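**Q** If you read the sequences in order, they're chains C and V. With our numbering, letter number 73 in the first sequence gets 279, and the count goes up by one each step, no holes. With our numbering, letter number 235 in the second sequence gets 240, and the count goes up by one each step, no holes.
Take every hint as true, because none was put in to throw you off.
SDA-like mimics (lysine to any residue), calculated; alpha carbons at most 25 angstroms apart, straight line:
1) K126/V to D78/V
2) K248/V to L359/V
3) K300/V to L225/C
4) K300/V to A234/C
5) K248/V to A310/V
6) K248/V to R177/V
7) K300/V to T181/V
8) K256/V to Y103/V
9) K300/V to A223/C
10) K300/V to I221/C
11) K300/V to W222/C
12) K300/V to G230/C
13) K300/V to L226/C
14) K248/V to R48/V
15) K126/V to G341/V
16) K256/V to Q366/V
17) K256/V to N312/V
18) K126/V to G80/V
19) K256/V to R165/V
20) K248/V to A357/V
21) K248/V to I185/V
22) K126/V to F211/C
23) K248/V to V305/V
24) K126/V to G339/V
Computed Cβ-Cβ distance ranges for the label pairs, DEER-style:
25) A216/C to Y103/V: 34 to 44 angstroms
26) V229/V to R250/C: 46 to 56 angstroms
27) S303/V to T251/C: 33 to 43 angstroms
28) R363/V to V265/C: 46 to 56 angstroms
29) V212/C to E9/V: 36 to 46 angstroms
30) M142/V to A258/C: 52 to 62 angstroms
31) G249/C to F360/V: 52 to 62 angstroms
Don't read these hints as lab results, they were simulated from the structure. Keep in mind the model is a prediction, meaning the values are calculated, not measured. The beta carbon of each residue, even a glycine, is placed where N, CA and C say it ideally should be.
What follows is each chain in one-letter form.
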Amino acid sequence: MPLAFVDWDALLTVIWASLLAGIGVTAAYGLAILGTTRAIDYGRTGRVAEAAVYAVIGVLGGATVLAAIVFGIVVLTQK
Amino acid sequence: MKGELLTVIIVVATALAFDFTNGFHDTANVVATSISTRAMAPRLAVGYAAMLNFVGAFISLKVAATVASDVVDPGAITLLVVFGGLVGAIAWNLTTWYFGLPSSSSHALIGGIVGSMLVAKGPDAVFFENGIIGKVMLPALVAPTLAFIVGGASILVLYRIVGGLRPRPVTRGFRTGQVISGGLLALAHGTNDAQKTMGVIALALVAYGSLPASDPTPPTWVVVSAAGAIAIGTYAGGWRIIKTMGSRIHKMDSAQGFAAQGAGAAVILASSHGGFPLSTTHTISGAVIGSGAAKRLSAVRWGVAGNIVVAWIVTLPVAAAMGALTYAVTRLFGTGAAGPLVVSVLIVIGSAVLFSRRAQQAGPVAQAET
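Isolated chain C (complex conformation) (with noise of 0.2 angstroms):
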């Protein structure tokens, strides 16, 4: 191997978890915002149900970013 000092494991470990993460969480974020906006408009029509999906979407978006900054705050705690 190659710069056998160099702990490859833990570098493909931040690669996929950079990754993940950080195209995951942006993409949540977009979909609270994608929920909320549409469920605003469908509301507005009063289009319930179609209202009613994207306020779910929207909440499970936000859910999961929180969800992610919690988890970094705790990285961030326990390095």
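The hints should help you fit chain V onto chain C, whose structure is shown.
**A** For chain V alone, kept in the frame of chain C given last:
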């Protein structure tokens, strides 16, 4: 003993001065995108970052002597080596601030201490493979590349999700998101970088004999003063670098700002979790460039990006040369306090000249705040 006490006081003061430049220099990492997209007003943004940097310094109090102990032999460290390293790092931070270039304060500190140690004890006291290559150079290569990819991929995903929505709630939503992601970045920065200064002060106290080498936990006054110095430096705000990061690389919209900050925070936290040290500056810069390039390659001013990369590459060797020179000059006056005293006076005069020259030019604060 009196001479040594004076030396340790000068070294601690120099470490806090470095901590101030670290906050001052790296403010841009946290606030530039928020200011650029108008998610926060400039003064509010730096005040918010300063507060969270201060809090971040208290979050983890495990000894953070890794900056020095992973790259040089801790047993060979003396007060003058630490002093040489700190002055080398301060000199490089001020130089890059003068030119408005975001560069790594951690790399400057590592480079300074390595250069100082090379002159003091020779190459045997420096850990090149495990330390310099494994823990400094490899992360320096991986982190910005990874942040570039994550930042780019994130903005593409975001545009796909929110592309058909009305712009006003989207912009408002991402601006709110930037307040959160910027806060997380500021916390991470405070934890990472204030800890490094605490570790360096702890090393100086070990070398002086007031802390045991077996358990060099920084005392409370070190923690509070390091947290305070980085927070004050952050509040002072390195406006020139903020301008480079926020608007000179590319003109960001709020979604790009959020994607860059989110990608930066994800890479920093994933690395922290995996015990893989990296530079916050490199990471955020990579994410900012990635979020611009993914939208349109020509949106990025590649000349500015190229200057930033050059600054990254030369940080370690130039800071090492500055650290080596500082150590050599200091030793001309012997091993007492005279050398550090003379060099400190010189660095204060040099800093005053740099600041006054910049102050005479068209107000960078006003430019950044508009």
